[in-house]
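Model the full structure from these sequences, guided by the hints.
Read off the chains here:
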Amino acid sequence: MLKWKRSLSVLAMTAILGTLAACGGGGNGANNAGAATAAPASTDAAATTAPSSGEPVKLRIMWWGSQPRHEATLAALDLYTKNNPNVTFEPEYSGMDGYLDKLSTQAAANNAPDIVQLDPGWMPDWMARKQLTELAPEVDVSKFDEKLLAGGQLDGKQYAVPLGSVAFGMVYDKAAMDKLGIANPANGWTWDDFFALAKESQAKLPDGQYFTLDYAGNYFMYSAYQYARGKGQVITDDGHFNVDEATYLEWTRKFEELRTEGLVPPADVNASDKENDPQMDLLAAGKVLFRYSFSNNLGTWDSIKPGAYALVTMPRAEEAGGWLKPSMFLAVSKNSKHAEEAKKFINWFVNDPEAAQVTQTFRGLPANKDNAALLEANMSELDKIGLGLLRATEPDGQTWSAGAGGWTNFVDKDWVLVRDQLSFGKSTPEEAYKQLKEAAQSYEK
Amino acid sequence: MNRSTTTLAEAAPLPRKSSYFRSRWNAPLAGYLFIAPWLIGFLALTAYPLFLSLYYSFTDYTLMQPMQWIGSRNYERIFTADPKFIQSAKVTVMYVLASVPLKLAAALFVAMILSKAVRGISAYRTAIYFPSLIGGSIGVSLLWRNIFGVEGIFNKLIAVFGIEGKSWITSPDTALGTLILLTVWQFGSTMVIFLAGLKQIPNDLYEASSVDGAGKRTQFFRITLPMLSPILYFNLIMAVIGAFQMFTSAFVITNGGPMNSTYVYAMYLYERAFSRYELGYASALAWIMLVAIVAATVVISYTSKYWVFYETDTGGKQRK
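Sequence lines, in order, name chains P and G. With the first letter of the first sequence counted as 1, position 317 gets the number 317 in full-length UniProt numbering; the numbers rise by one all the way through. With the first letter of the second sequence counted as 1, position 295 gets the number 295 in full-length UniProt numbering; the numbers rise by one all the way through.
No wet-lab data here; the hints were simulated from the structure. Be careful, since some hints might not be right.
[What the hints assert, rightly or not] Derived pair list, reagent style EDC-like, types lysine to aspartate or glutamate, alpha-carbon separation capped at 16 Å:
| # | chain 1 | residue 1 | chain 2 | residue 2 |
| --- | --- | --- | --- | --- |
| 1 | P | Lys274 | G | Glu151 |
| 2 | P | Lys199 | P | Glu257 |
| 3 | P | Lys287 | G | Glu151 |
| 4 | P | Lys58 | P | Asp78 |
| 5 | G | Lys156 | G | Asp173 |
| 6 | P | Lys426 | G | Asp173 |
| 7 | G | Lys166 | P | Asp207 |
Owing to the predicted nature of the structure, the values given are computational and were not obtained by experimental measurement.
Listed below in structure tokens is the structure:
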């Protein structure tokens with residue numbers, strides 16, 4: 001009886017302590033949420049008064065990428081800690097899948113990592129929502145191309161630095177094409193060449209292998225096509241839906257043809273594709289010959305099947321189809337308690353030649369011109385192929401724009417729905433256009 | 001409460017009568033102390049967020065900007081101009097209607113097999129219950145995605161019988177079915193409760209009925225089901241509530257696709273809250289879900305008097 005009583009009181013104490021602890025956590029969360037609007041000011045104050053160095057600091061940093069990029073980045077973090085023993089890191093890295101969801105959730109709870117990697121397409125949203133800290137003057141951007149810097153600026157302030165520049169083009173399975181006797185494309189080819197090559201390959205492709213993915217409802221590929229036709233951006237910089245109906249119907253009908261001829265995978269297979277996933281990427285699985293790619297991504301496919309793949313410019317029409325863009329940005333989130341140290345790290349990461357040697361071109365050719373030149377001098381064969389696409393796109397490539405804020409979900413969700421409906425044959429090109437136009441209304445301001 | 005305050009008033013001028021004070025206070029105080037952990041947890045972690053979200057649901061709140069009171073506009077928008085609300089509600093209702101009966105049937109079926117006195121039965125019980133411990137996790141969702149993918153084990157298995165598979169999780173006709181199958185497979189805790197219920201049914205009933213010539217079928221419908229009905233009632237309500245809130249597998253396995261065929265309500269809510277940061281709107285969606293769950297529970301409770309049998313009931317079904 002006595003024993004039982006004692007254990008019960010222990011149990012009760014544990015329960016009380018546990019609840020109090022949980023309660024403290026909950027209370028803090030609520031306070032943070034309530035003080036969200038006041039937070040930027042207080043963070044700035046903290047940043048200016050924070051000791052600049054010496055104190056042990058742990059920085060949380062988050063990025064997405066493939067295995068080689070993870071390894072290179074971790075090596076760079078180690079090197080930085082070696083040079084600055086007071087700074088250690090808590091890295092959070094993953095593939096692209098689910099990255100934005102995770103980051104957004106953390107940011108909504110005012111718990112975003114100190115340093116975050118952001119896609120250029122998200123920048124307008126993040127800057128408009130005031131989720132980032134200004135990087136000047138700690139981060140030196142004097143060696144950067146103005147065009148690349150613009151994507152990380154709002155009202156003349158630099159909120160994020162571009163990590164590299166990449167070209168948008170296509171990757172193809174050269175080994176498979178040579179084996180099947182299908183001619184390789186050449187830089188500067190046209191969309192007519194592209195569709196002609198698809199037709200030509202029809203007789204040569206074995207069962208279960210296809211020319212390309214079903215891009216009928218793909219946002220990026222359609223953008224490239226609309227640019228090539230000289231019709232400009234799909235979403236204008238001031239936030240308007242600008243899909244040219246005639247061009248869109250032309251594009252979706254061409255893919256309708258490829259679908260009936262069996263040149264793109266059946267809908268369920270097409271929907272199962274996950275870029276860069278060793279098991280689910282249809283190019284890596286040898287199911288398709290062509291897919292779109294950025295110049296820096298070749299390494300990932302090459303690591304799956306070495307020496308098999310090559311790059312070519314995005315097909316063109318009246319204008320070029322491809323473009324150069326900043327590969328991704330690095331920024332400091334506004335709730336960082338160590339903003340000062342975080343900025344110092346970023347400055348090192350993007351400007352220091354030693355850092356560039358470690359990070360190589362896994363985020364594109366470095367945006368810092370000196371570092372780019374340094375790496376170009378002794379580049380691997382693989383990087384040279386990527387550089388080749390970059391140089392071939394440079395002369396008349398389209399001007400990249402981050403576009404208007406608030407459209408991320410439109411690209412990630414509404415276009416994907418239309419893609420599925422088109423490829424499953426559940427809607428016609430005309431209906432698809434109407435649907436996109438209607439969906440766009442809730443995003444237009 | 002009233003009695004306590006009067007006691008306090010009486011006790012104030014007589015501070016020395018501490019024994020009196022203690023004896024009148026001890027019992028309730030200890031009681032409050034013991035429920036304090038739960039009470040604090042409930043108030044801080046359930047009640048407060050609950051009513052805060054009710055408040056948010058009448059505002060335009062985007063986290064980064066100050067919130068604005070907009071009255072019932074969120075609700076008006078949901079019911080009049082939100083095709084995604086209708087789509088996700090439809091998917092969720094379909095999911096609830098399909099997954100709940102299947103899950104209960106599977107759990108009951110397995111529980112009946114496992115209630116037999118066979119040698120080593122506890123090992124079987126553990127083995128069958130085990131998957132449910134990890135059932136709701138991301139890991140199992142990923143596993144499921146691989147099993148039912150184009151190159152998955154499931155297709156290789158049916159290929160043995162000459163059936164050509166497809167990508168089950170990326171076909172609009174089969175994606176929801178695949179997720180339902182995952183839920184049905186996670187029958188463990190429901191099964192355990194059934195098992196406990198089965199153990200409570202007196203064996204004499206079966207013996208007596210078999211003397212009277214009742215077959216297995218009759219025994220199941222005339223003895224097992226009625227005797228188990230309170231347990232069934234409990235499991236039904238729990239399963240319905242769980243099914244309404246289904247999120248993980250739809251989020252991880254199919255991401256709502258293809259063609260929104262697995263775009264469940266909780267996913268839509270999540271998307272509004274955490275990728276569009278429309279917390280006011282998402283709160284309104286959450287309250288609609290709460291009302292729907294309460295309504296479903298009330299309906300089930302109301303019908304329960306026609307089919308739930310308690311041993312204390314004198315006449316079996318309480319029809320008046």
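Hints and how they fare:
For a cut-off of 16 Å, the pair hint linking Lys274/P to Glu151/G stands: about 13 Å separates their Cα positions. Between the alpha carbons of Lys199/P and Glu257/P the distance comes to roughly 10 Å, so the proposed pair stays at or under 16 Å and holds. A hinted pair counts as satisfied when its Cα atoms are at most 16 Å apart, and Lys287/P with Glu151/G qualifies at roughly 12 Å. The hinted pair formed by Lys58/P and Asp78/P meets the criterion: a straight-line CA distance of about 13 Å does not exceed 16 Å.
For the suggested pair Lys156/G and Asp173/G, the alpha carbons sit about 20 Å apart, so the restraint of at most 16 Å is broken. Only pairs whose Cα atoms come within 16 Å are accepted, and Lys426/P paired with Asp173/G is accepted, the gap being roughly 12 Å. For the suggested pair Lys166/G and Asp207/P, the alpha carbons sit about 15 Å apart, so the restraint of at most 16 Å is met.
Going down the numbered hints, you'll see the structure goes against just number 5.
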